[in-house]
Structure formats: C-alpha cells, structure tokens
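K.L.:
This is what each chain is made of:
Protein chains: 4
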Amino acid sequence: MKAIGRWAIAEGYIPGKSTGSGRELTSHETVCVLNMGDTDARVEIAVYFSDREPAGPFTFTVPARRTQHIRFNDFCDPEKIPVNTDFASVITSDVPIVVQHTRLDSRQEALALLSTIAFPSNY
Amino acid sequence: MKAIGRWAIAEGYIPGKSTGSGRELTSHETVCVLNMGDTDARVEIAVYFSDREPAGPFTFTVPARRTQHIRFNDFCDPEKIPVNTDFASVITSDVPIVVQHTRLDSRQEALALLSTIAFPSNY
Amino acid sequence: MKAIGRWAIAEGYIPGKSTGSGRELTSHETVCVLNMGDTDARVEIAVYFSDREPAGPFTFTVPARRTQHIRFNDFCDPEKIPVNTDFASVITSDVPIVVQHTRLDSRQEALALLSTIAFPSNY
Amino acid sequence: MKAIGRWAIAEGYIPGKSTGSGRELTSHETVCVLNMGDTDARVEIAVYFSDREPAGPFTFTVPARRTQHIRFNDFCDPEKIPVNTDFASVITSDVPIVVQHTRLDSRQEALALLSTIAFPSNY
Chain A
1 MKAIGRWAIA EGYIPGKSTG SGRELTSHET VCVLNMGDTD ARVEIAVYFS
51 DREPAGPFTF TVPARRTQHI RFNDFCDPEK IPVNTDFASV ITSDVPIVVQ
101 HTRLDSRQEA LALLSTIAFP SNY
Chain B
1001 MKAIGRWAIA EGYIPGKSTG SGRELTSHET VCVLNMGDTD ARVEIAVYFS
1051 DREPAGPFTF TVPARRTQHI RFNDFCDPEK IPVNTDFASV ITSDVPIVVQ
1101 HTRLDSRQEA LALLSTIAFP SNY
Chain C
2001 MKAIGRWAIA EGYIPGKSTG SGRELTSHET VCVLNMGDTD ARVEIAVYFS
2051 DREPAGPFTF TVPARRTQHI RFNDFCDPEK IPVNTDFASV ITSDVPIVVQ
2101 HTRLDSRQEA LALLSTIAFP SNY
Chain D
3001 MKAIGRWAIA EGYIPGKSTG SGRELTSHET VCVLNMGDTD ARVEIAVYFS
3051 DREPAGPFTF TVPARRTQHI RFNDFCDPEK IPVNTDFASV ITSDVPIVVQ
3101 HTRLDSRQEA LALLSTIAFP SNY
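Chains as they are written, first to last, in our numbering: chain A, 1 to 123; chain B, 1001 to 1123; chain C, 2001 to 2123; chain D, 3001 to 3123.
The set of hints was computed from the structure by calculation and includes no laboratory data.
Hints are not guaranteed to be accurate.
What the hints assert, rightly or not - Covered stretches of chain C, going by a simulated chain D footprint (3 or more residues, C-beta under 8 Å): (1) 2063 to 2074; (2) 2105 to 2114.
As the list claims (entries may be wrong) - In silico EDC-like pairs for lysine to aspartate or glutamate, Cα to Cα no more than 20 Å straight-line: (3) B/Lys1017 <-> A/Glu24; (4) C/Lys2017 <-> D/Glu3109; (5) C/Lys2017 <-> C/Glu2109; (6) A/Lys17 <-> D/Glu3109.
Ideal Cβ placement from N, Cα and C applies to all residues, glycine included.
Using the sequences and the hints, build the whole thing.
P.N.:
What follows is the structure, given as structure tokens:
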C-alpha cells in the first residue's frame, strides 16, 4: 500500500461516561474521513499510547465520493480502544483523503464539542 | 468555472434538536466564507454522504470584501440537507477565499461549539 | 508597512449575552497573537461584514517575545464591533506572528468554547 | 539541539476553577505531542506572556512511538504557570512530532472543550 495521504491527530480520548440517551449523545471520539475522489480508499489507522506500543492497523474502506465518520469507540479489530485513556492516531490512505477530528463529551449534564482538521503529515 | 480555491470539511452534522429560542440558538452547522478580494466569488458547495452520491452543487455568491456565514440548515436548492446525518463538504470558488467550519449544538440545555479552519485542498 | 505575516479568520461573532460574572466569563471573541521574535510587531486588523465595507484598520503593538489575546469586544478605534453580527477578520503584521482564534460563549448557563489556528494567508 | 519540529500555540489559559471531581474533570490546558518516529523526542516548551519575558524551557521526553498529553497545569520546573493568565507556547523537538492543543474548562457546571492542531512554525 502506497500512502498518498497521511494524517495525524495528536489528541485522542474517549470519555468514559455519558449523559443523555442514544448513540448520538454517547460520548465519542471520531475521525471523519472524506474521500472526494473516484477510487475507493483503503484507510489504515494506527493508535498510539503513552505507555505501550501502537495498536492496529485498524482498516477501513471509504468508498469513492463518500464520507465516513468513524468512532474510535467502535474499534474492535485487532483490539478495543480503552476509555479514559490518552491516545493519538495516524491515518494513512492509498488515495488522497481529508481527515477531521471531533469529540462529543457528555460526561457532565450538557455536552461539549471539539473539532480540528487533522495534520497532513508528510514525514 | 476555474477553481482557484478549493476547501474541504470532513465533518458535517446538523443536530436535530435545539434548546433556547430564536435563530441564533438553533443548532446549526455553518460554513464561513471570507472573500477579502475585490472580485465577487462564485462559490459552489458539494455535500458528501456515507451512503449515496454527493448532493449539489449548491451555489452562492460572496461579494467582494464580504463574509458570509452560510448555514447548511438553510440549503434547499437543489435539495435540503437531512438532520442527524453524517456528511462532509467541498467548497470551490473562482477567486481565492478562506473557509472556516463552525457548529452550534444546543440539543442539551447548554450549547456547545466547535470550529476549525477548513482544509485548503489542492488535489 | 510590509506585511510579512497575514492571517485570516473567516468566523467571527460576539455573543450578545453572558451568564456568570466578571470579565473572564463574559462572552467574548478573541484573536490571540504570538510574537516570538525579537522585534515588536505592528499588527493591523481589518474586520469584514456581510453587508458593508470592511472596518479598520484596528492597530495594535505586540511587543517582542510577548503574546496578546485581543478581544474584538474591546475594539473601539476607529469603531466598535456590533454584537450578534457575523464578521470575519484579516490580521497583518510587519514581522512574523502566529494567530489563533477563540470564542467563549456564555449565553446559556454553561459556557462553550471554540478555537482554531487562523489561516496563514499568502494571497 | 537541532529543532526539526517547531510548533506554536498562540492561545493559552488555565481556568482557575473547576466543577466535578477528579483529575479528568479538573480544568486543564494541554499540549498533546505525538512522536510517531523510532527515536525518542527531546521536547522543549517556551511559554510566552503578555507582560514579562518568556518562561522555560520546560523539557520533556516523548519516547519513540508514543504520545504524551502534557498539562500546562503540571509544569513546575523551572516554574509554575499561573492560572487565569493569558499565555502562548512554542514547542520545539529534535525529531519530527505533531502537536495539538486542547482545553477542558469546567468553571461552570458543564464542561467546555476546545482543540486545534498547533501551527507548524518554520520561522
């Protein structure tokens, strides 16, 4: 796999509690991937921690002309991402993509949000 | 139309509920466009989804030396953007612009905000 | 003035209400300027609106090796910035600076925050 | 030390109060550093203020293939960072890193969040 796109998100944290009901109000950490091209993207995500070797790769297909908002909460293969734990991620793709990072935190009684375009890393 | 500026926002979501009254406290997803130049900008926005072909183009004019904060909630031609649905967007312009993405989410009793400069995509 | 640094913020909005007391909890829109160099920076800010010609320049000095977090709320010369009004801004400097945009919105009972590094514009 | 990576965060502020209990809900200002390389990173952080010379350097090691989410609240050598005080920071490293800035503000009864990728400064 030739990585044409490589993006990094230095922040990562799945809040361990939620208020409100349903999937939409559950605290979540999300990587939004946009594939505006005409070829399906094979996306690989490595997850970095403070005290152990990286996990992954977690692999996803983002079809041509589609976006997928992937929750770290849902990662399960090859392993789950623990809650209440600092992490970071590197997203690589075999075709150009755009990556944005969003968190919804509903631990306290009103939700909070953060978002940033990820860093387009060419290291 | 020659696209001099092309920007991407991988995150997009119109929360389906609001607390508080009035347009200003209604949950909204916004694309802020700044045209600092001396020529009106013709702006086209394509909206990408997870499970269907992109919608649009939605077309706007941002006059010279003006900013417009355009709500995805208000898009109606050629179609409306559904609420509670993941999407992404690509903004192209025939003159240079700057694009920033903001959400106000008032589903729970205190509003939340997120914002990021969009990604200046040259793919 | 030779503009070595030019930055743009397409989002801008001073919420017209606040909860909580004191300057620190007053709803505010801020441009954070960092001058890490050894020469004082002369900074000029132009403010763009949706329906009128730009206001400014608003001029500030950010001394060498200092940061200033300047609130649009406090702008008064040559004019004040109206609340509850969409705007955008362009920040130019005669020496290199770094610019970040932050809002604190305390209209509802718990404050909300947004922040993004501004766009380093070389148009 | 040869700075291969230099990043700037123009915003910085440690809220002086918190609601909720425990380290995770304490108001904090964080610099997230990702070292995706195979060499440990020696990271130096300088902290800039509005009215005095910069503090630091504060030095940290971010091991190879690790992330560290470092709270400005915990800085103590060579000095502590005061709360309720505007600051900014410059992060340099002897190997490539990626830097993201996050704040959790729980002064009022529901927490607020902000985050942005820092500015990759090559001045």
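K.L.:
Are the hints correct? Go through all of them and say.
P.N.:
Structure-based check of all given hints:
1. Coverage of the segment 2063 to 2074 of chain C by chain D holds in this model, with 5 residues showing a Cβ closer than 8 Å to a Cβ of that chain against a need of three.
2. Under a criterion of three residues with beta carbons nearer than 8 Å to beta carbons of chain D, the stated coverage of the segment 2105 to 2114 of chain C is upheld, 7 such residues being counted.
3. Annotation: proposed proximity of B/Lys1017 to A/Glu24 holds, straight-line Cα distance about 11 Å (limit 20 Å).
4. With a C-alpha separation of about 18 Å, the suggested pair C/Lys2017 and D/Glu3109 falls inside the 20 Å cut-off, and the hint holds.
5. For the hint pairing C/Lys2017 with C/Glu2109, the CA-to-CA distance comes to about 11 Å; that is within 20 Å, so the pair holds.
6. Our distance criterion of 20 Å between C-alpha atoms is met by A/Lys17 and D/Glu3109, whose separation comes to about 16 Å.
When the structure is compared with the earlier hints, no violation turns up for any of them.
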